[in-house]
Amino acid sequence: MINVQNLVKDFGPKRAVSGVSFEVQKGEVLGFLGPNGAGKSTTMRMITGFIPPTSGRVTIGGHDIVDAPLAAKRLMGYLPENAPAYTDMTVGGFLNFAAELRGLRRDAKTRAVSRAIEMCFLENVVHQSVDTLSKGYRHRTSLAQSIIHDPEVLILDEPTDGLDPNQKHEVRGLIKRMGEKKAIVFSTHILEEVEAACTRAIIIDRGQIVANGTPAELLLKSDNAGAVSVKVVGAARGAVTEKLARIEKARKTVVVSEGDNVVWVRVLPKGQLRNGELAREVSAVALTEKWQVQELHTEHGRLDEVFRSITSSDVAKKEAA
Amino acid sequence: MNSSFGNIWCITKRELSGYFNSPVAYVFIVIFVLFANFFSFMLGGLFERGQANLEAFFTWHPWLFMVFVPAVGMRLWAEERRLGTLELLLTMPITSWQAIVGKFVASWIFLGLSLLLTFPIVFTVNYLGDPDNGVIFAGYVGSFLMAGAFLAITCATSALTRSQVVSFIVSVVICFGLVLAGFEPAVNFMRSVAGFSDRLVDVVASFSVMTHFMNFQKGVLVIGDLVFFFSVILFSLFSTAVILRNLRTN
Chain A
2 MINVQNLVKD FGPKRAVSGV SFEVQKGEVL GFLGPNGAGK STTMRMITGF
52 IPPTSGRVTI GGHDIVDAPL AAKRLMGYLP ENAPAYTDMT VGGFLNFAAE
102 LRGLRRDAKT RAVSRAIEMC FLENVVHQSV DTLSKGYRHR TSLAQSIIHD
152 PEVLILDEPT DGLDPNQKHE VRGLIKRMGE KKAIVFSTHI LEEVEAACTR
202 AIIIDRGQIV ANGTPAELLL KSDNAGAVSV KVVGAARGAV TEKLARIEKA
252 RKTVVVSEGD NVVWVRVLPK GQLRNGELAR EVSAVALTEK WQVQELHTEH
302 GRLDEVFRSI TSSDVAKKEA A
Chain B
189 MNSSFGNIWC ITKRELSGYF NSPVAYVFIV IFVLFANFFS FMLGGLFERG
239 QANLEAFFTW HPWLFMVFVP AVGMRLWAEE RRLGTLELLL TMPITSWQAI
289 VGKFVASWIF LGLSLLLTFP IVFTVNYLGD PDNGVIFAGY VGSFLMAGAF
339 LAITCATSAL TRSQVVSFIV SVVICFGLVL AGFEPAVNFM RSVAGFSDRL
389 VDVVASFSVM THFMNFQKGV LVIGDLVFFF SVILFSLFST AVILRNLRTN
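Protein sequence lines, in the order shown, are assigned to chains A and B.
Residues 2 to 322 in the numbering used here are what the first sequence spells out, letter by letter.
Residues 189 to 438 in the numbering used here are what the second sequence spells out, letter by letter.
Calculated directly from the structure, the hints in this document are not laboratory data.
Straight-line C-alpha distance at most 25 Å; calculated DMTMM-like pairs for lysine to aspartate or glutamate:
(1) A:K253 <-> A:E278
(2) A:K291 <-> A:E243
(3) A:K110 <-> A:E153
(4) A:K250 <-> A:E218
(5) B:K201 <-> A:D108
(6) A:K27 <-> A:E119
(7) A:K250 <-> A:D224
(8) A:K222 <-> A:E193
(9) A:K291 <-> A:D261
(10) B:K201 <-> A:D132
(11) B:K201 <-> A:D89
(12) B:K201 <-> A:D151
(13) A:K110 <-> A:E124
(14) A:K136 <-> B:E267
(15) A:K110 <-> B:E203
(16) A:K27 <-> A:D151
(17) A:K182 <-> A:E24
(18) A:K15 <-> A:E82
Predicted model only: the values in this text are computed from it and were never measured.
Hey, can you work out the whole structure from these sequences and the hints?
This is the structure in structure tokens:
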């Protein structure tokens with residue numbers, strides 16, 4: 002549904018987006034990650050046709066956003082950054098306006114508006130002026146606007162920004178549910194959201210895609226992915242690390258912390274081990290040594306580590322150069 | 189074609205409701221009508237003239253609209269930029285022309301309504317004497333067109349900035365220039381003191397709304413004057429489109 006090819010945007014001498022390409026099919030939810038100023042919003046603005054690209058192509062359902070903007074825009078719902086809405090209108094009035102601009106009239110309009118109100122939990126504020134809404138409600142009002150015509154393609158720029166934890170959970174659920182039938186791209190810098198709602202994630206840094214894959218694939222890039230963490234009670238630190246280092250499949254053992262009679266050691270695997278092989282080896286060692294094990298688990302890696310290592314190492318490299 | 193009118197009307201409706209949802213619109217109308225009448229009766233001396241016409245009424249319109257119209261139109265795009273709804277509006281399946289025209293028409297309707305509400309003065313002169321109502325009608329048409337020209341200029345200045353105040357000041361200055369270029373004392377000044385050639389003075393004056401509005405006041409509908417006002421409107425709306433385009437391209 003969404004096809005982005007070699008998208009480039011220059012603001013004066015500064016290149017905000019350089020050569021971004023990706024595709025999103027129906028049924029996919031693509032998480033768009035990146036530090037602030039990485040070019041996420043700029044990319045989304047080009048996809049939605051708000052700003053024209055310097056070069057490259059965006060097609061929505063086969064319609065080029067530059068050559069056939071109206072056809073492309075009809076297929077698309079868009080929630081811009083900061084969730085703007087007309088402050089001089091009521092929530093209902095605003096949604097009616099959005100529906101009319103989408104070409105919905107009479108019954109179809111009424112149905113679309115009440116559906117959007119229901120999906121975004123806005124029943125209580127329909128007749129309230131947007132001006133007087135709390136941030137969460139205002140945000141959802143703008144979100145309701147983007148889904149009013151039940152679009153095939155949804156572009157959401159930070160849809161959970163400024164919401165409280167419950168509302169974040171609701172919106173994530175909504176995105177996930179809608180993602181079954183639509184092609185959705187949403188940007189965020191909250192990493193847990195990616196795991197909660199996305200089928201695929203792209204990490205973008207300084208205008209370029211630096212990682213692209215399913216959340217599970219991205220997790221594997223984490224340094225600690227597949228490592229086994231073990232906490233042993235009442236054993237000497239030296240003895241524990243020595244025995245664990247002898248495991249053939251272990252690349253390295255690291256003492257994470259020590260104290261209160263507990264040693265916490267992390268065993269890093271050689272290459273990529275699956276199926277908990279390393280954990281079984283570690284537990285075998287513990288059994289033979291008769292250690293009192295307080296905790297033992299395989300780490301799955303953390304997205305924020307991946308994110309930090311991918312995006313900050315590049316910055317460091319750049320600074321060193 | 190049908191849907192493009194639909195889109196324009198949709199924008200127009202929203203803008204109009206935007207005006208009338210706030211008390212500011214009513215205050216605007218009251219102030220306009222008040223000033224229009226104050227100028228014609230107190231300064232223009234409508235009664236003292238002893239003539240059954242509305243010259244004393246229309247003479248003040250360029251000066252009144254010069255301030256009133258920018259105040260009505262200043263929010264059109266500036267507010268949209270400030271709220272960030274511009275991004276919303278321009279990613280809807282409508283063209284920027286439809287949005288520009290829709291907003292312009294809404295404000296023009298609002299100005300037209302304010303103008304219509306000065307109707308008691310027409311009854312007054314009709315009660316007191318026997319005026320040529322055709323001339324009065326032409327005066328209203330001219331006044332409405334002039335308001336449209338000022339409004340289109342305000343549209344363009346409004347697109348230039350996020351601040352309504354800046355938009356207001358810039359458009360007042362431009363409108364003032366357009367009035368002054370054909371204002372009798374200013375024309376005389378150009379001729380005698382600044383020493384412009386007659387030809388140059390005529391060219392400058394022909395750019396003034398004053399010159400073209402004058403004919404309407406006399407009850408003369410000249411094609412040239414209509415063309416003038418409509419070209420100012422079209423040119424300014426076109427500028428608005430260019431400004432919005434530049435805003436997006438950077």
